[in-house]
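Engineer: Residues per chain, in single letters:
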Amino acid sequence: MSKDEVFEKVLAIIKPFAKAPEALASAGMETSILKDLKVNSARLVDVVLEIEDAFGIEVKDEDADKVKTIGDAVTLILAAKG
Amino acid sequence: MVGNDVVAIHAAENRASFARPGYVERVLSPRERRVLARAPRPEACFWSQFAAKEAAYKLLVQLGELPGFGHREIEVSESLDAVTWRDHRFELRAEVRPRWVHAVVTAGAPVVARVLEPGAGHDPSGEVRALGRALAAAVLRVPWERLEIRRAELAGAWDGHGPPELLLDGERAPLAVSLSHDGPFVAAALGIGRAGAALAEAAGAG
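Chains as they are written, first to last, in our numbering: chain A, 22 to 103; chain B, 7 to 212.
These are computed hints drawn from the structure, not numbers from a lab.
Just so it is clear, the structure is predicted and the values come from calculations on it, not from any experiment.
Please note: incorrect hints may appear among the correct ones.
[Stated by the list, open to error] If you want the footprint, here are the derived chain B segments under chain A, 3+ residues with CB under 8 angstroms: (1) 13 to 21; (2) 29 to 43; (3) 75 to 81.
[Unchecked claim] The calculated DMTMM-like cross-link candidates involving lysine to aspartate or glutamate, where the alpha carbons are at most 25 angstroms apart (straight line), are: (4) A:Lys36 / A:Glu51; (5) A:Lys89 / B:Glu31; (6) A:Lys87 / B:Glu97; (7) A:Lys102 / A:Asp84.
A virtual CB, placed ideally from N, CA and C, is assigned to each residue, including glycine.
Please work from the sequences and hints to get the whole structure.
Structural biologist: Set out below in structure tokens:
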């Protein structure tokens, strides 16, 4: 799976939980999930679970902690998929 | 220092999360899950535990800690009166109502806290700041216009910002403030240390 494909899939996962439609429309690798997309902290758990299910990977808490932007999520997923 | 969190128990997103396979297990420790299994109101119980963890997280950030994504490492007591994380132990005050739960966590300081439902069409961010200012104005006995709540940028923080700070006439006020909103509810808590209590007393005597 290419980086762009992973990005699009991650964006689709986050979309239902984002409260900032304008930021979502212009989202890129540097877009902050909490700060820019205004994803609620309770929904972060949903996002992590969705990523695990969608990509067939396990996301440890210490790795989830490093995911601040969409790009961080993409990097994590690509590393986990080898 | 103080942390608080309010959760709208029956908000659609929260109901969906609670029902999601793996969600509860990702948030609660095994001991907390045993408490949940015995709860007469499971959703209220879970969101009380979650709110306590969130409130403790906010307090830990004020202490310079970065607990990160480790929900299970922040443990809530069965009686909902304490929260622990590593060698920290905080006092917890949890209020469980039919439609919301509210958790306030402190390191022992007196607290003033309030939950409100502003009504449809209101901006929760603006409303919760207004609530924080109103509470502070009442405690300090000053006009609320002299008060401001701001959040400075903080690298490494989950949302890029540090905890909220209360300013009186542009200077840091001697009260800690914590804000939260979820669904139709907003909540604010003030930690009243000795300096804050003295200032309130002086303002009342003046």
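Engineer: Examine the region 75 to 81 of chain B for residues whose CB is less than 8 angstroms from any CB of chain A, and state whether their number is three or more.
Structural biologist: holds (count 5)
Engineer: With a cut-off of 8 angstroms between beta carbons, are at least three residues of the region 29 to 43 of chain B near chain A?
Structural biologist: Held - the region 29 to 43 of chain B has 3 residues with a Cβ nearer than 8 angstroms to chain A, which meets the minimum of three.
Engineer: With a cut-off of 25 angstroms on the C-alpha distance, tell me whether A:Lys102 and A:Asp84 pass.
Structural biologist: Between A:Lys102 and A:Asp84 the Cα gap is close to 14 angstroms, so the pair holds against 25 angstroms.
Engineer: In terms of beta carbon proximity below 8 angstroms, does the region 13 to 21 of chain B have 3 or more residues touching chain A?
Structural biologist: holds (count 3)
Engineer: Hinted pair, alpha-carbon criterion (25 angstroms max): A:Lys89, B:Glu31. Please report holds or violated.
Structural biologist: This hinted pair holds, its Cα atoms lying about 22 angstroms apart.
Engineer: Under the criterion that the straight-line Cα-Cα distance not exceed 25 angstroms, is the pair A:Lys36, A:Glu51 satisfied?
Structural biologist: Judged against 25 angstroms, a Cα distance of about 16 angstroms means the pair holds.
Engineer: Decide if the proposed pair is consistent with the structure: A:Lys87 and B:Glu97, CA atoms, cutoff 25 angstroms inclusive.
Structural biologist: Measuring from Cα to Cα gives roughly 29 angstroms; hence the hint is violated.
This entry does not satisfy hint 6, going by the numbered hints stated previously; all others are met.
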